[in-house]
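Novice: Sequence:
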Amino acid sequence: MAHKVSDQHRAEVEKILKYLKNMEGIVRTSPNPEQKARVQKELSKQRTRLAAIVPGLDATRMNHTQIVAALEMSGGEAAGAAGASAAGGGSTARAAATSSGAGTSGGYKVLDKFPIEKASPNSTDPDVNFLAGVFTAIQKEYWPAISEQHCQMDFSRGAERGAMRTQLDNVLRNMKVLLETIEEYSSAEQQDFREQLLKMKNRQTRAFIFDANDMLRKIRDFMEPLLEDIEVNGGIITNKTETLRFNARYEDATVLEGAAVADGVQEFARFVQEAIEHLNLPQLKKKEPHER
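Under the working numbering, the first residue of the sequence shown carries the number 650, and numbering increases by one thereafter.
None of these hints come from the bench; they were simulated from the model.
Yeah, the Cβ is synthetic: ideal placement off N, Cα and C, and Gly gets one too.
Errors might be hidden in some of the hints.
Pair by pair, the computed Cβ-Cβ distance ranges are [unchecked claim]: (1) N771 <-> P931: 24 to 34 Å; (2) K690 <-> L876: 35 to 45 Å; (3) Q801 <-> N851: 37 to 47 Å; (4) H658 <-> A718: 14 to 24 Å; (5) R822 <-> K848: 17 to 27 Å.
Below, in silico cross-link-like pairs of lysine-lysine (BS3-like), each with a Cα-Cα straight-line distance of 30 Å or less [stated by the list, open to error]: (6) K825 <-> K867; (7) K848 <-> K664; (8) K825 <-> K789; (9) K850 <-> K867; (10) K664 <-> K653; (11) K867 <-> K848; (12) K664 <-> K789; (13) K685 <-> K758; (14) K685 <-> K789.
The task is simple: from the sequences and hints, build the whole structure.
Specialist: In structure tokens:
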């Protein structure tokens, strides 16, 4: 019997299904037993969440394919949930091309939740692919948890958060421009145009890696007082014990759904620290235009 998904929960169900598909791919392909155990724990949480919002669906014992088959969704939506990877190089196809869809396999508690994938169909630089995945996760999963909608901070720290968001947006914008250049270079045919694009691609790659590495360290520095505030139950964050509930209509976050605000802040900080450790780059000195 098909289980009907209400219009209210349809967007959230689709996001959970995509998450399940991605994470089940890691369980199948990862050589790291500890990583598999962590991912299976996250899968269990998401299946439980799905069972709670779809009446009568016992998703706790089902895999992604079985859940999709059991849900009453329109053809387009079901196809999107079941086979997003079939068109346009979806997440599973990209993951297979980069580390077989596995995470870092570095024994990271948080970072290993997210597979390293190609940032775009023709992106081959491992640092670009890794950083693109990190900043996509920050944008989608972690920044919402410390946004003003969910995390109430004192005036000073709130203003600093706003400035940090502006810098984050700049990194995301530069990442988008770089990936567009990579794809344009891949499809260019005229030799002189390819040479110009190659120079652009190399310059943008260096700038993105520098800016992304620097941004991660700025976020880490911003988070340190928040972690201390949580430890001493201070007054920077005023709603530490409130539960994170994201609105599926305009927020994509699922990983921290149901967690306390304090727990969300701590996981975000750990994710950033693990990303810095895995990237393992020094705090680079950016060359001024006159330097050679």
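Novice: Would you mind marking each hint as holding or not holding in the structure?
Specialist: Evaluation of the provided hints:
Range check, N771 to P931: Cβ separation about 28 Å, and the 24 to 34 Å hint holds. Take K690 and L876: their Cβ atoms lie about 23 Å apart, and the range 35 to 45 Å is violated. Between Q801 and N851 the Cβ separation comes to about 44 Å, which falls inside the hinted range of 37 to 47 Å. Take H658 and A718: their Cβ atoms lie about 18 Å apart, and the range 14 to 24 Å holds.
Range check, R822 to K848: about 20 Å between beta-carbon atoms, so the 17 to 27 Å window is met. The straight-line distance between the Cα atoms of K825 and K867 is roughly 21 Å, inside the 30 Å bound, and the hint therefore holds. Among the hinted pairs, K848 with K664 is inconsistent with the structure: their alpha-carbon atoms are about 38 Å apart, more than 30 Å. This hinted pair checks out: K825 and K789 have alpha carbons roughly 15 Å apart, not beyond 30 Å.
Between K850 and K867 the CA atoms are separated by roughly 25 Å; this keeps the pair inside 30 Å, and the hint holds. As the CA atoms of K664 and K653 are separated by approximately 16 Å, the hinted pair is consistent with the 30 Å bound. With a C-alpha separation of about 29 Å, the suggested pair K867 and K848 falls inside the 30 Å cut-off, and the hint holds. Among the hinted pairs, K664 with K789 is consistent with the structure: their alpha-carbon atoms are about 11 Å apart, no more than 30 Å.
At most 30 Å may separate the alpha-carbon atoms for a hinted pair to count; K685 and K758 meet this at roughly 11 Å. Distance restraint check for K685 and K789: the Cα-Cα separation of roughly 23 Å lies within the 30 Å cut-off, and the hinted pair is therefore satisfied.
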